[in-house]
Amino acid sequence: MGHLTTLRHPEAAARFAADVPRTHWHDQALWFMRLKRDRAAAQVPEWERLRELAQAIKAHALANLPALLEQFERNATGAGATVHWARDAGEHNRIVHRLLADRGVSRLVKSKSMLTEECGLNPYLEARGVEVVDTDLGERIVQFRGEPPSHIILPAIHVKKEEIGALFHEKLGTAAGASDPKYLTEAARGHLRQKFLAAQAGLTGVNFAVADTGAVVVCTNEGNADMGTALPPLHVACMGLEKIVPRAEDLGVFLRLLARSGTGQPITTYSTHFLGPRPGAELHIVIVDNGRSALLGRDPYRRALSCIRCGACMNTCPVFRRSGGHSYGVTVPGPIGSVLAPAVNPLAHAALPFASTLCGSCADVCPVGIDLHHQLLAWRRELAAAGHVPVVKRLALRLAAWIFASPRRYALAGRLARLALRVLPARLTTRLSGAWGRQRELPVAPAESFHERYRRTHGRA
Amino acid sequence: MPTVALFVPCYVDQFYPQVAEATLRLLERHGCTVEFPEAQTCCGQPMSNSGEAAAAAPLCAHFLDTFQRYQYVVAPSGSCVGMVRHQFADLVPDHPALGKVRAATYELCEFLHDVLGVRRVEGRFPHVVGLHRSCHAQRELRLASGSERQVAPFDKVKTLLGSLEGITLVEPDRTDECCGFGGTFAVAEEAVSCLMGRDRLDDHAKAGAEVITGVDMSCLMHLEGLARREGRPVRILHAAEVLLGEAA
Numbered sequence: 001m002g003h004l005t006t007l008r009h010p011e012a013a014a015r016f017a018a019d020v021p022r023t024h025w026h027d028q029a030l031w032f033m034r035l036k037r038d039r040a041a042a043q044v045p046e047w048e049r050l051r052e053l054a055q056a057i058k059a060h061a062l063a064n065l066p067a068l069l070e071q072f073e074r075n076a077t078g079a080g081a082t083v084h085w086a087r088d089a090g091e092h093n094r095i096v097h098r099l100l101a102d103r104g105v106s107r108l109v110k111s112k113s114m115l116t117e118e119c120g121l122n123p124y125l126e127a128r129g130v131e132v133v134d135t136d137l138g139e140r141i142v143q144f145r146g147e148p149p150s151h152i153i154l155p156a157i158h159v160k161k162e163e164i165g166a167l168f169h170e171k172l173g174t175a176a177g178a179s180d181p182k183y184l185t186e187a188a189r190g191h192l193r194q195k196f197l198a199a200q201a202g203l204t205g206v207n208f209a210v211a212d213t214g215a216v217v218v219c220t221n222e223g224n225a226d227m228g229t230a231l232p233p234l235h236v237a238c239m240g241l242e243k244i245v246p247r248a249e250d251l252g253v254f255l256r257l258l259a260r261s262g263t264g265q266p267i268t269t270y271s272t273h274f275l276g277p278r279p280g281a282e283l284h285i286v287i288v289d290n291g292r293s294a295l296l297g298r299d300p301y302r303r304a305l306s307c308i309r310c311g312a313c314m315n316t317c318p319v320f321r322r323s324g325g326h327s328y329g330v331t332v333p334g335p336i337g338s339v340l341a342p343a344v345n346p347l348a349h350a351a352l353p354f355a356s357t358l359c360g361s362c363a364d365v366c367p368v369g370i371d372l373h374h375q376l377l378a379w380r381r382e383l384a385a386a387g388h389v390p391v392v393k394r395l396a397l398r399l400a401a402w403i404f405a406s407p408r409r410y411a412l413a414g415r416l417a418r419l420a421l422r423v424l425p426a427r428l429t430t431r432l433s434g435a436w437g438r439q440r441e442l443p444v445a446p447a448e449s450f451h452e453r454y455r456r457t458h459g460r461a
Numbered sequence: 001m002p003t004v005a006l007f008v009p010c011y012v013d014q015f016y017p018q019v020a021e022a023t024l025r026l027l028e029r030h031g032c033t034v035e036f037p038e039a040q041t042c043c044g045q046p047m048s049n050s051g052e053a054a055a056a057a058p059l060c061a062h063f064l065d066t067f068q069r070y071q072y073v074v075a076p077s078g079s080c081v082g083m084v085r086h087q088f089a090d091l092v093p094d095h096p097a098l099g100k101v102r103a104a105t106y107e108l109c110e111f112l113h114d115v116l117g118v119r120r121v122e123g124r125f126p127h128v129v130g131l132h133r134s135c136h137a138q139r140e141l142r143l144a145s146g147s148e149r150q151v152a153p154f155d156k157v158k159t160l161l162g163s164l165e166g167i168t169l170v171e172p173d174r175t176d177e178c179c180g181f182g183g184t185f186a187v188a189e190e191a192v193s194c195l196m197g198r199d200r201l202d203d204h205a206k207a208g209a210e211v212i213t214g215v216d217m218s219c220l221m222h223l224e225g226l227a228r229r230e231g232r233p234v235r236i237l238h239a240a241e242v243l244l245g246e247a248a
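Chains as they are written, first to last, in my numbering: chain A, 1 to 461; chain B, 1 to 248.
Treat the hints as calculated values from the structure; they're not laboratory data. All C-beta atoms in this analysis are idealised placements derived from N, C-alpha and C, irrespective of residue type, glycine included.
Each computed DSS-like pair below joins lysine-lysine, with the alpha-carbon atoms no more than 30 Å apart: (1) 206(B) / 161(A); (2) 158(B) / 36(A); (3) 160(A) / 206(B); (4) 206(B) / 36(A).
Label pairs and their calculated CB-CB ranges: (5) 3(B) / 266(A): 51 to 57 Å; (6) 3(B) / 457(A): 15 to 21 Å; (7) 300(A) / 153(B): 29 to 35 Å; (8) 59(A) / 99(B): 24 to 30 Å; (9) 99(B) / 79(A): 53 to 59 Å; (10) 99(B) / 146(A): 53 to 59 Å; (11) 54(B) / 45(A): 43 to 49 Å; (12) 153(B) / 299(A): 31 to 37 Å; (13) 103(B) / 299(A): 24 to 30 Å; (14) 166(B) / 181(A): 48 to 54 Å.
Turn these sequences into a full structure, and let the hints guide you.
In structure tokens form, the structure reads like this:
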């Protein structure tokens with residue numbers, strides 16, 4: 001069964017890439033983000049030093065996670081918030097639902113939270129009669145479309161403005177055929193205002209949880225976290241347990257890196273620090289494990305918990321840009337997602353560590369210096385050892401290794417391969433080369449290998 | 001003058017012997033005594049990058065056995081040298097020659113630039129050339145500063161190529177984007193692989209390159225295969241062939 005699941009990404013990617021103009025449009029949109037990131041990074045002379053600092057702070061935080069989490073809980077509680085601990089997605093969903101149900105909340109507004117996507121919170125709440133409105137524009141678009149985000153910071157990057165026009169015409173009654181982004185955004189804004197005004201509770205994600213103050217920091221470009229939490233009497237903030245930073249001053253490193261890496265902005269438009277609830281309101285912070293502490297115990301993957309979800313590895317990944325976020329089939333796609341997903345379910349996500357050329361660009365843009373492509377390679381070893389790699393591929397590689405293990409076998413196999421390429425009809429050898437030859441020519445086989453030529457010219461008997 | 005063992009990647013040996021020959025002549029021209037240890041086969045990279053560590057390990061050991069007595073080991077490939085330098089330690093951690101051979105193994109341009117201190121290569125190459133910066137040479141061996149990192153710019157291969165008489169080097173958009181080869185990725189993810197390759201060819205064509213060169217023949221084999229299928233006029237040559245120059 002393993003080979004069926006491992007074929008998922010290639011097939012989804014091939015479907016995406018079959019529409020070449022659209023794939024190029026997607027590629028260009030994300031490459032534009034990468035270029036903006038390059039310009040923003042170049043304006044910070046100490047950029048590489050910042051990355052090293054961020055990596056070191058995260059390593060420290062992960063090494064001292066239990067103490068820092070408890071410190072955070074003490075300080076957050078001291079400031080008037082209530083802290084909840086959720087072992088997994090199910091417990092997280094039950095906690096959030098109970099908070100809402102106990103207060104009779106049936107209308108919830110959410111700002112962007114990949115964690116709640118990961119936990120499947122929206123369908124869980126909707127099945128229990130709660131209207132959930134995602135208020136990030138991109139998230140609202142994919143929510144209307146009934147699909148998950150395709151990118152963690154640009155959830156609707158795969159949708160064209162004409163398609164959004166048609167969607168808003170259907171959902172919001174905008175003029176038929178309208179595709180002007182300003183007009184459509186205005187319409188969404190009006191729609192979301194009504195939702196903000198009517199909401200009985202606001203839910204946000206968390207970008208950073210500061211241990212020494214007990215504050216949670218939420219970064220948005222649209223101010224929707226602020227709009228969603230300013231009016232209702234209940235604010236629920238959901239965070240993975242790796243979101244901890246030790247000190248408020250550490251934000252001076254991370255906030256400088258986050259938006260520059262993701263979108264090339266000097267800083268996210270709104271970075272809101274929530275320290276305790278508003279007067280007369282409640283703040284509940286739900287800290288979620290859902291596999292994270294297990295990952296913490298696994299080298300080298302624990303370093304992936306340093307991720308600050310900036311999206312830079314997706315923007316730079318040449319495979320992501322040409323296969324689309326949905327081809328990965330997980331909440332967090334791209335290079336970081338391909339490291340995180342197999343830890344949750346190795347068999348289901350066995351293709352993801354192979355959905356990469358190991359080009360390493362992700363590791364070089366990563367603001368916290370995660371060695372992403374080396375971790376993908378580590379996963380390949382682990383998945384191969386567990387038998388989650390297609391049998392044909394494994395046998396072919398083992399056969400090749402057997403040939404290479406002997407200089408004589410290698411020389412003979414090389415001679416036969418070149419002979420076959422030289423005497424058999426090109427149409428046949430191309431067909432035999434399978435996926436190589438469908439779009440590519442095989443190399444022209446020379447009569448002599450370098451080995452043979454060297455032996456001839458350097459006169460070894 | 002140093003004695004250098006020539007490490008010829010298996011696919012270069014079988015399909016591109018002229019690249020190995022050019023490497024040998026280039027090293028000799030720069031004063032090296034070159035030996036070709038005939039017991040060499042493959043460094044094990046295809047297996048290792050596919051996760052088949054157990055299949056790769058005996059090949060790594062064979063490689064170390066074959067090359068352990070040399071002061072320098074030089075290969076016309078960033079990728080295979082990256083394998084020796086960065087993956088061997090995981091695969092054959094206890095081999096007695098590991099440290100020595102790792103430290104002795106260089107990519108060709110890296111060896112010319114860093115060990116022999118070459119900054120000017122004698123020779124003529126009066127053509128418009130685009131340099132394909134292969135990922136492992138770029139990001140595993142750091143032959144150039146790279147577009148991602150904010151460090152003082154350098155590019156060892158471009159320095160050497162640019163010193164040839166008559167050469168015009170052109171820069172494609174996305175100076176160091178991957179070509180999509182990626183070893184078994186080229187076959188397992190054929191659709192994306194080929195699209196990436198054609199995009200690279202387009203970028204070089206737009207920059208006006210008549211010749212695309214690079215230090216990894218594997219990437220170039222993929223680009224050449226795509227270019228030939230579509231009848232594109234571009235010539236694909238390994239950097240060793242370009243650095244050898246053309247007879248005037």
